[in-house]
Amino acid sequence: AQSVTQLGSHVSVSEGALVLLRCNYSSSVPPYLFWYVQYPNQGLQLLLKYTSAATLVKGINGFEAEFKKSETSFHLTKPSAHMRDAAEYFCAVSGNQGGKLIFGQGTELSVKP
Amino acid sequence: GAVVSQHPSRVICKSGTSVKIECRSLDFQATTMFWYRQFPKKSLMLMATSNEGSKATYEQGVEKDKFLINHASLTLSTLTVTSAHPEDSSFYICSAIAGVAEKTQYFGPGTRLLVL
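Protein chains in written order, with our numbering: chain A, 1 to 113; chain B, 1001 to 1116.
Looking at chain B on its own, in the form it has when it is part of the complex (with noise of 0.2 Å):
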């Protein structure tokens, strides 16, 4: 139980573009889903906290309107790299909780992302 899928698993792209990422909880519905950001050799950081139906919650020094957050769905959520640059290029990976009490988080295989 508690499988959280990411798609896709690896893309590439021209600088300028934009890249959706998909996140999806497969067995559970997920009321909150987080968006993390890791760097080579480095711990997770995270970039929002997605509540499903409302806005998402940013971390500082996250731009909302270069990082595009969607949760329509309890087992869906997106993440929209808009206008990607090379800096944008990175390890994306969710997680997601299932209620509110609930502390654990179940994470999804992550997504590479490459901007050339």
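Here chain A stands alone, though its shape is the one from the complex (with noise of 0.2 Å):
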């Protein structure tokens, strides 16, 4: 079974701060790990994925990830936060059956001025 835990349903830093968004996952066997953007009454952008190749893995918008099979962690990191960062994020895991994706319970992400 595999599943998917993100850590703070709301997180909220300045503009200009550091990002960091937790996700730990669970899977019997070697993962494909998401990280998604949704911004309001819209679809899912995809950020970046791991697929097994570098652990450290750099997305859209300046956002990174570093794979870390140790610490069953995924977590999602930008360095300076800009306002239109504001949104909700997903990680999610691949399923072993036909492509499916677990999802996180999703964090909101506030940037304030």
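Check before you lean on any hint, since a few could be wrong.
To be verified - Simulated pairs of lysine-lysine, DSS-like, Cα-Cα distance not exceeding 27 Å:
hint, chain 1, residue 1, chain 2, residue 2
1, A, Lys69, B, Lys1103
2, B, Lys1066, A, Lys100
3, A, Lys100, B, Lys1055
4, A, Lys49, B, Lys1041
5, A, Lys69, A, Lys112
6, A, Lys49, B, Lys1103
What the hints assert, rightly or not - Some chain B residues close to chain A (C-beta under 7 Å, calculated; not the full set):
hint, residue
7, Ile1093
8, Ile1097
9, Gln1105
Honestly, the hints are just simulated from the structure, not real lab data.
Just so it is clear, CB atoms sit at the ideal spot from N, CA and C, and this is done for glycine as well.
Two independent chains are provided; combine them into the complex using the hints.
What follows is the structure, encoded as structure tokens:
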């Protein structure tokens, strides 16, 4: 079985500050891991993905994530937050069954001016 | 690349009527499409997995006679909410993957359904 836990349903940072969104996973097979962003009333946009290549993955909009097998983590970071980064962020792991994704509960990121 | 569209983006209907939502992969062939439902401030709930040319696989608790899914071509899947009721009001999102070995899902922009 696979599962994803996102620590913190809401994270607030100041503009220019470091963004850290936490994601821990559980998987019985080598996982494929994803971070998606969702802006209000929109679908999900792929930020980045880990597919068993480099453990440090760079994505769009300055985000990156590091796969740490020993910690079963895939935390999302960005050195300097922008107001436009305010959105809902979802971590997901690919299941064993035909491409299904298991999603975390989501983390709402707020950015204060 | 990897663009998925949905139509309509927003629909309001009367209770008891049926509503069809289309999901299209615009620049790739989607062997598999997924339909999700999302409640306010909540994560996505997978409703069903749709493979081109075969019957959809529904998640536990999802009524297949109420949520009819058709995946007639490699670029189009449709979700029909039959005899809609106010409790069916929600945000419906589709996604698509290209190829059996592919793991990355690309999502549509979503459809907001309001049943009066």
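Legend entry - Hint numbers contradicted by this structure: Those not satisfied come down to hint 5.
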